[in-house]
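*Asks:* For reference, the chains in residue letters:
Number of protein chains: 2
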Amino acid sequence: MQLYGYWRSSASYRVRIALHLKALDFEYKAVHLIKDGGEQKSADYGQLNPAQLVPTLVDGDLQLNQSLAIIEYLDSLSGPRLLPEDAKQAAIVRMLAYDMACDLQPIVNLRILQYVSGTLEAGDEGRSAWIKHWVDKAFTAFESRLQTYAGTYCVGDQVTLADLCLVPQVYNAQRFGVDLTPYPTLMAVHDRLQQLPAFAKARPEAQPDAVV
Amino acid sequence: MQLYGYWRSSASYRVRIALHLKALDFEYKAVHLIKDGGEQKSADYGQLNPAQLVPTLVDGDLQLNQSLAIIEYLDSLSGPRLLPEDAKQAAIVRMLAYDMACDLQPIVNLRILQYVSGTLEAGDEGRSAWIKHWVDKAFTAFESRLQTYAGTYCVGDQVTLADLCLVPQVYNAQRFGVDLTPYPTLMAVHDRLQQLPAFAKARPEAQPDAVV
Numbered sequence: 023m024q025l026y027g028y029w030r031s032s033a034s035y036r037v038r039i040a041l042h043l044k045a046l047d048f049e050y051k052a053v054h055l056i057k058d059g060g061e062q063k064s065a066d067y068g069q070l071n072p073a074q075l076v077p078t079l080v081d082g083d084l085q086l087n088q089s090l091a092i093i094e095y096l097d098s099l100s101g102p103r104l105l106p107e108d109a110k111q112a113a114i115v116r117m118l119a120y121d122m123a124c125d126l127q128p129i130v131n132l133r134i135l136q137y138v139s140g141t142l143e144a145g146d147e148g149r150s151a152w153i154k155h156w157v158d159k160a161f162t163a164f165e166s167r168l169q170t171y172a173g174t175y176c177v178g179d180q181v182t183l184a185d186l187c188l189v190p191q192v193y194n195a196q197r198f199g200v201d202l203t204p205y206p207t208l209m210a211v212h213d214r215l216q217q218l219p220a221f222a223k224a225r226p227e228a229q230p231d232a233v234v
Numbered sequence: 023m024q025l026y027g028y029w030r031s032s033a034s035y036r037v038r039i040a041l042h043l044k045a046l047d048f049e050y051k052a053v054h055l056i057k058d059g060g061e062q063k064s065a066d067y068g069q070l071n072p073a074q075l076v077p078t079l080v081d082g083d084l085q086l087n088q089s090l091a092i093i094e095y096l097d098s099l100s101g102p103r104l105l106p107e108d109a110k111q112a113a114i115v116r117m118l119a120y121d122m123a124c125d126l127q128p129i130v131n132l133r134i135l136q137y138v139s140g141t142l143e144a145g146d147e148g149r150s151a152w153i154k155h156w157v158d159k160a161f162t163a164f165e166s167r168l169q170t171y172a173g174t175y176c177v178g179d180q181v182t183l184a185d186l187c188l189v190p191q192v193y194n195a196q197r198f199g200v201d202l203t204p205y206p207t208l209m210a211v212h213d214r215l216q217q218l219p220a221f222a223k224a225r226p227e228a229q230p231d232a233v234v
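First to last, the sequence lines map onto chains A and B.
Quick note: the first sequence uses the numbering used here, first residue 23, plus one each step.
Quick note: the second sequence uses the numbering used here, first residue 23, plus one each step.
Bound conformation, chain A alone (with noise of 0.2 Å):
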């Protein structure tokens, strides 16, 4: 298999969790997303992925894109299940992840905050104001499910396709220097993540990619 992915995306990052997690082997092709405007949008990717985002899995001849797509892909192919098989508690691991996946990772992704900066002239205060903003309402929403579900990590007991999700979205917000203290329960949940050995292995920082 081979992952196309950027240090920095968290999306790239939920995907490296995940295969990390299930001790899948695999190659690393860094997408450097900034260098020459973007390598996301060559001629080259465009064929992988007309999408021009990261990440893509590449497995034989199925040509992935979407993470949470990839993620449920893996999960069906070996290791411990990142869904439960009863099928609400399944239910209520995809809607956190989904809360972090859906309504906050895309709304401050790179493509949006060059948006916003520069096409809107917001500049760095109103992006950094813009992330804060849907930063501070997603934590919030979250902190407070998991007064419901969380155990040892986000749902119970068990690694789910949720934690795979939240990590990367703290590391997005600590980047912007969003304030966490907030958020409790979110930061002990991503605190115990962040011991586990896959977490670890896909950190941005760890990749061969990462300008740190």
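Treat the hints with care, since some could be wrong.
Repeated chains share a single entry, so a pair holds when one copy, or any two copies, can fit it.
As the list claims (entries may be wrong) - In the DSS-like style, the derived pairs of lysine-lysine whose C-alpha atoms are separated by at most 27 Å in a straight line are:
(1) K51 with K159
(2) K51 with K110
(3) K159 with K63
(4) K57 with K159
(5) K110 with K44
(6) K51 with K223
(7) K223 with K159
(8) K110 with K57
(9) K223 with K44
(10) K51 with K63
(11) K154 with K44
No lab work stands behind these hints, which were simulated from the structure alone.
These numbers were taken from a predicted model, which means no experiment stands behind them.
Please arrange chain B on chain A, whose structure you already have, making use of the hints.
*Replies:* Frame of chain A; chain B shown alone:
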């Protein structure tokens, strides 16, 4: 089951299509997203969904937000399967669904448009440019993917989760006057889906809270 939704919300629209395809009885509870600053921000609704977004599905003791989590849950209950049994086929369906549900819908929904036109002072013109920009990006990629995967519908000849995610985004794009002639395959699939009774019943203008 009770579905809390709003006639024009594309995430609510997806879930209505699923409920009708599966012929499941449900009580529709309208949550007015505009009136009095938005009923989704009321304390009562916040109990149900602290993210203050629609839809929410209540099924006995299960309270589920996130339309995609709801649809996967409904898919486990009964009726025609919206996700294929085969893991690779399911991954392709999810990929196309998330192209609409993760990389388009969250970027052009009400709260984002209010922030862009209001807080960022982009006004009506900036809002229209924002919508057109992101619809064009998403639909261009989707049109390209349909060359590979489409049959009668988005993926082959069965109705899948991808179709439930496409139709509401076309409704939304049309509502804001985006020119859709560059996407002939996408629109042909859309038009075939609109012939199906479940899709007709789920249309925004057919809902009790519609203002037309």
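*Asks:* Does each hint hold? Answer for all of them.
*Replies:* Verification of the supplied hints:
Taking CA atoms no more than 27 Å apart as the test, K51 paired with K159 passes between copies only; the shortest distance there is 24 Å, against 34 Å inside one copy. In this assembly of identical chains, K51 and K110 lie within 27 Å of each other by CA distance solely across copies; the values are 22 Å between and 36 Å within a copy. Taking the shortest Cα distances, K159 and K63 sit within 27 Å of each other only across copies (12 Å), while inside one copy they are farther apart (31 Å). For a Cα distance limit of 27 Å, the shortest separation of K57 from K159 across copies, 21 Å, qualifies, whereas the shortest one inside one copy, 32 Å, does not.
With identical chains, the CA atoms of K110 and K44 are at most 27 Å apart both within one copy (23 Å) and between copies (18 Å). Proximity of K51 to K223 under the C-alpha cut-off of 27 Å is restricted to the intra-copy arrangement: shortest distance 16 Å within a copy versus 46 Å between copies. With identical chains, the CA atoms of K223 and K159 are never at most 27 Å apart, being 29 Å at best within one copy and 33 Å at best between copies. Taking the closest pair of Cα atoms, K110 and K57 never come within 27 Å of each other, the shortest separation being 44 Å inside a single copy and 33 Å across copies.
Only within a single protomer do K223 and K44 lie at most 27 Å apart by alpha-carbon distance; the minimum there is 12 Å, versus 42 Å between protomers. Only within a single protomer do K51 and K63 lie at most 27 Å apart by alpha-carbon distance; the minimum there is 15 Å, versus 44 Å between protomers. For the homomeric pair K154 and K44, neither the shortest alpha-carbon distance inside one copy (33 Å) nor that between copies (40 Å) is at most 27 Å.
The structure is inconsistent with the numbered hints 7, 8, 11, although it conforms to all the rest.
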